[in-house]
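Fit chain B to the supplied structure of chain A, relying on the hints for placement.
Line by line, the protein sequences are chains A and B.
One gets the working numbering by counting positions in the first sequence from 1 and adding 60 to each.
One gets the working numbering by counting positions in the second sequence from 1 and adding 60 to each.
Heads up, some of the hints might be wrong.
Since copy identity is lost for identical chains, a pair holds within one copy or between any two.
[Unchecked claim] With a straight-line cut-off of 30 Å between C-alpha atoms, the simulated DSS-like cross-links for lysine-lysine are:
{"#": "1", "residue 1": "LYS125", "residue 2": "LYS115"}
{"#": "2", "residue 1": "LYS137", "residue 2": "LYS125"}
{"#": "3", "residue 1": "LYS99", "residue 2": "LYS125"}
{"#": "4", "residue 1": "LYS137", "residue 2": "LYS115"}
{"#": "5", "residue 1": "LYS137", "residue 2": "LYS118"}
Simulated from the structure, these hints should not be mistaken for laboratory data.
There are 2 protein chains.
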Amino acid sequence: MVSINYWDSKVNSVSTLLITSLPLHSNNTGSVVVVESEKNVPFIISRVFMVRALKNEKRGNHAHKLCQQFLMCTSGKVEIVCDDGQMTRTFILDRPNQGLLIPAGIWAHQSYLSEDSVLTVFCDRRYEADDYIADYNVFRSFLGLE
Amino acid sequence: MVSINYWDSKVNSVSTLLITSLPLHSNNTGSVVVVESEKNVPFIISRVFMVRALKNEKRGNHAHKLCQQFLMCTSGKVEIVCDDGQMTRTFILDRPNQGLLIPAGIWAHQSYLSEDSVLTVFCDRRYEADDYIADYNVFRSFLGLE
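If we strip away everything but chain A, and leave its shape as in the complex, we get:
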């Protein structure tokens, strides 16, 4: 089944991306940050993965045809570069209640800027190998830019 999102993914622009703040309940002993399906993220959470990498390591370098992802840096500091085939934008996540929604059709890579950084990614879909576009030229073709 081809969803509406598939077609949207060909026209998504980095210009509309923004870091959002999630509810943060804190007192002098600690804090709680909450992510709820269809409330703080615009989808039902199907999968969550946590990425750890050495400082200065770069990961990512792919786009998704269908999968939407909400990225949080739950420890440390991570830089995220998003590319819609025509323009790039760079975001820094380094606070526990910040998140960045990356819709399908955006190429992204991440740099892990501190030791013990953890990038926590909330997804609307299960893992599907076919959903990845890992070649930048194929990504541009997918967007109809070649």
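Only chain B this time, still in chain A's reference frame:
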């Protein structure tokens, strides 16, 4: 609506609790840990919250009537004490791919054993104030033990 889980929650025992290992994909530059709805956790993920606390801080001290929770320590080290009204068991979470499923009807508290510990909790339900039992005597009554 009263779900089956509600009734199960009155007979859940800490004897059946166990730490499970999640898929960990690692190489020499980093790792990825994956949590999928109805695959690594026995429910659809409705809500995820991340708790941060000072070292040696204790939190929790309540049970849920309905909510199931899957606890992961995604940074640092956390001790979790679970109590079914008749017996307690203590678990340590200190590895990125460990998780502990706590069904409804189990009283639990957590001790944060290292600086920068993050407890990440996956839930099958949204936040509902009525779902909390924060008084231990009420908890025992709920279980039919008084």
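Checked hints:
{"no.": "1", "hint": "LYS125 x LYS115", "verdict": "within (29 Å within a copy, 42 Å between copies)"}
{"no.": "2", "hint": "LYS137 x LYS125", "verdict": "within (27 Å within a copy, 37 Å between copies)"}
{"no.": "3", "hint": "LYS99 x LYS125", "verdict": "both (23 Å within a copy, 23 Å between copies)"}
{"no.": "4", "hint": "LYS137 x LYS115", "verdict": "both (9 Å within a copy, 21 Å between copies)"}
{"no.": "5", "hint": "LYS137 x LYS118", "verdict": "both (13 Å within a copy, 27 Å between copies)"}
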